[in-house]
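K.L.:
Okay, here's what each chain looks like letter by letter:
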Amino acid sequence: MIDLAMHMMDIVQNAIRAGAGRIGIYFVESNEKTMLLFRVTDDGSGMSEAGLEKVDDPFFTTRTTRRVGLGVPFLKMTCEQAGGFLKVLSAEGRGTTIEAVYRTDHPDCLPLGDIAGYLTLLLKANPAISFRFLYKLDESEFSLDSEALKAEGIALQQAEMLTTVRQYIRENLQALQRDRSAESYLC
Amino acid sequence: MNQMTGIKTLADLKKKQEEVRARINLRDKAENPESLVQVKVAMATCGIASGAKEVMEFFVEELDKRSIDAVVTQTGCMGYCFAEPTVEITLPGREPVVFGYVNPAKADEIIECYIKDGELVDGIIPQNYDTI
Numbered sequence: 006m007i008d009l010a011m012h013m014m015d016i017v018q019n020a021i022r023a024g025a026g027r028i029g030i031y032f033v034e035s036n037e038k039t040m041l042l043f044r045v046t047d048d049g050s051g052m053s054e055a056g057l058e059k060v061d062d063p064f065f066t067t068r069t070t071r072r073v074g075l076g077v078p079f080l081k082m083t084c085e086q087a088g089g090f091l092k093v094l095s096a097e098g099r100g101t102t103i104e105a106v107y108r109t110d111h112p113d114c115l116p117l118g119d120i121a122g123y124l125t126l127l128l129k130a131n132p133a134i135s136f137r138f139l140y141k142l143d144e145s146e147f148s149l150d151s152e153a154l155k156a157e158g159i160a161l162q163q164a165e166m167l168t169t170v171r172q173y174i175r176e177n178l179q180a181l182q183r184d185r186s187a188e189s190y191l192c
Numbered sequence: 072m073n074q075m076t077g078i079k080t081l082a083d084l085k086k087k088q089e090e091v092r093a094r095i096n097l098r099d100k101a102e103n104p105e106s107l108v109q110v111k112v113a114m115a116t117c118g119i120a121s122g123a124k125e126v127m128e129f130f131v132e133e134l135d136k137r138s139i140d141a142v143v144t145q146t147g148c149m150g151y152c153f154a155e156p157t158v159e160i161t162l163p164g165r166e167p168v169v170f171g172y173v174n175p176a177k178a179d180e181i182i183e184c185y186i187k188d189g190e191l192v193d194g195i196i197p198q199n200y201d202t203i
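Protein chains in written order, with my numbering: chain A, 6 to 192; chain W, 72 to 203.
Don't read these hints as lab results, they were simulated from the structure.
Among the clues, some could well be false.
So, partial list: chain W residues that the calculated Cβ filter (under 7 Å) puts toward chain A [claimed, not checked]:
| # | residue |
| --- | --- |
| 1 | 114 |
| 2 | 115 |
| 3 | 116 |
| 4 | 119 |
| 5 | 131 |
| 6 | 135 |
| 7 | 144 |
| 8 | 145 |
| 9 | 147 |
| 10 | 148 |
| 11 | 149 |
Quick caveat: nothing in here was measured; it's all calculated off a predicted structure.
Virtual Cβ for every residue (Gly too), placed ideally from N, Cα, C.
Start from the sequences and build out the full structure, keeping to the hints where you can.
P.N.:
In structure tokens form, the structure reads like this:
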């Protein structure tokens with residue numbers, strides 16, 4: 006995982022596998038605290054206490070196709086490398102919230118990567134799931150709600166619309182990031 | 072124009088036709104996924120790290136450009152991490168076939184040979200060979 010967008014896809018894929026109907030993706034960046042919070046919440050199956058204890062164990066997985074599960078351990082690794090930490094909250098039957106905090110004044114803080122590209126793919130490939138995306142930088146924010154897009158009649162089935170939506174997200178994120186402090190290693 | 076007014080001109084008729092056509096296409100897609108080409112891109116940790124996103128974007132954009140009715144979705148790990156990015160293609164009425172080591176060039180070959188003509192191409196992962 007070389008950027009946060011990859012982690013986003015990976016962690017959201019976990020939520021999809023947990024049968025989530027609603028998935029929230031949040032990036033909250035603070036110039037003053039020099040921190041970035043990355044959070045994914047879902048209303049999927051959640052994890053048992055025993056499962057939760059092993060969530061950062063790379064040799065624990067519920068799947069049967071292979072015997073390792075590296076998604077969460079990688080996320081823990083990259084945020085801890087950047088002086089941050091990982092927190093997972095989960096209750097069986099009620100869903101999971103996973104939070105990774107990165108220090109943006111740490112040179113090992115991951116770049117954001119192609120968030121717009123991954124997000125549009127998620128929206129396109131999972132029309133039955135309702136996604137809420139929020140990127141907040143201090144007081145400014147950009148949010149996107151898949152239900153609101155649907156209500157506006159925006160159909161991602163057409164590849165042309167997909168490109169347009171990606172462009173829309175990309176431009177909004179770029180506009181936000183002008184407010185980022187020059188000290189930040191995030192890019 | 073008021074929506075309650077009827078169809079008055081040829082242009083109205085055409086507009087209505089377009090609306091209906093669009094609606095039918097969308098409904099058909101949603102209700103009969105079996106009649107479409109299904110493309111599943113493995114998008115777990117292993118796939119993402121190997122470039123599954125570029126492959127998925129390629130399929131989404133190119134299938135549309137080449138006017139092939141298909142549903143492109145993402146799936147979890149199929150257990151072939153060594154061969155990521157992997158893609159499972161199901162042609163209507165056929166058994167699913169998994170291709171490994173797919174990059175945009177390979178995806179192009181898969182679309183042209185397998186999806187369009189049903190011709191097998193290199194790189195198939197023999198996951199569902201039936202044994203007697």
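K.L.:
Now, for every hint given, state plainly whether the structure supports it.
P.N.:
Going down the list of hints, with the structure as the test:
no., hint, in the structure
1, 114, "holds (5 Å)"
2, 115, "holds (6 Å)"
3, 116, "holds (4 Å)"
4, 119, "holds (5 Å)"
5, 131, "holds (6 Å)"
6, 135, "holds (3 Å)"
7, 144, "holds (5 Å)"
8, 145, "holds (5 Å)"
9, 147, "holds (5 Å)"
10, 148, "holds (6 Å)"
11, 149, "holds (6 Å)"
In the structure shown, no violation is registered for any of the earlier numbered hints.
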